[in-house]
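Visitor: Sequence:
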Amino acid sequence: MDAVTVGNLADELVPQIATLPPEERFLLGVPGAGKSWLAKRLVAEIDARLGPATAVVAPMDGFHLTKAELAAMPDPALAFERRGADWTFDVQGFVDMAARVKRGEQHPVTAASGPAGRSSSAIAWPGFDHAVGDPVPGSITILPSHRLVVVEGLYLALDRQPWSSVAYDALWLVDVEDWSVARDRLVRRHQEAGIVNSAEEALARAEGNDRTNAELIEAMRRPNVRLLRLASE
1 MDAVTVGNLA DELVPQIATL PPEERFLLGV PGAGKSWLAK RLVAEIDARL
51 GPATAVVAPM DGFHLTKAEL AAMPDPALAF ERRGADWTFD VQGFVDMAAR
101 VKRGEQHPVT AASGPAGRSS SAIAWPGFDH AVGDPVPGSI TILPSHRLVV
151 VEGLYLALDR QPWSSVAYDA LWLVDVEDWS VARDRLVRRH QEAGIVNSAE
201 EALARAEGND RTNAELIEAM RRPNVRLLRL ASE
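My numbering numbers the first residue of the sequence shown as 1 and each following residue consecutively.
By construction, these hints were calculated from the structure, which means they are not laboratory data.
No experiment lies behind these values; they were computed from the predicted model shown.
Incorrect hints may appear among the rest.
[Said to hold, decoys possible] Estimated spans, in silico, between C-beta atoms of each pair:
| no. | residue 1 | residue 2 | range |
| --- | --- | --- | --- |
| 1 | E200 | F80 | 12 to 20 Å |
| 2 | T19 | E207 | 39 to 47 Å |
| 3 | A18 | N224 | 16 to 24 Å |
| 4 | L143 | S36 | 17 to 25 Å |
Note that the Cβ used here is the ideal one computed from N, Cα and C, for glycine as well.
With the hints as extra help, turn the sequences into a complete structure.
Guide: Pasting the structure below:
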């Protein structure tokens, strides 16, 4: 297992991004614990070295099934209880969008700023509104200048179709020494997101749904995943 800093990882990425064909993007998958932190730090470091809007984070959260879709499932109570399991995502939508990003495919989307009706050639990636609890279509814009797209999400390394059909240039999994470290992070996150009413509910969700999901990923990990241990800068 590699013990690395964000700077070390950026050192590896910069020459690979620089030699990409102009019509392609480097697609980096970051699953596991600490994925959001690492994705944001990497994007900031690459932009600092190569210029603004060279890298962007594309979170998997935008492909959660909506609450309305969960409610329409045969067992809605189970669907809401297990929200965050691999079958509660629009997996095919995610796979198709990731393939378009990798190919460098673009399509016109209305610019977020500027004159009314102004468009730019880009890919509209969905985000997630934690206050509402549902995806927000097109809230993240992947521009032609974005040569590195850091996809972060729990199931990127899952060796099960169609998850495993995404052709990442690299998959980097941040490892943690024991479950309790990841559990404590999840408990805090559940409380901050407002999806539970108490610390006890947050702990129960982490030990139940989240631990089940983590054990699935550990048991069915893609063979080309690089395990990382983050060292102090």
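Visitor: Now, for every hint given, state plainly whether the structure supports it.
Guide: Quick rundown of the hints versus the structure:
no.: 1; hint: E200 <-> F80: 12 to 20 Å; in the structure: holds (18 Å)
no.: 2; hint: T19 <-> E207: 39 to 47 Å; in the structure: holds (45 Å)
no.: 3; hint: A18 <-> N224: 16 to 24 Å; in the structure: holds (23 Å)
no.: 4; hint: L143 <-> S36: 17 to 25 Å; in the structure: holds (21 Å)
This entry satisfies every hint, going by the numbered hints stated previously.
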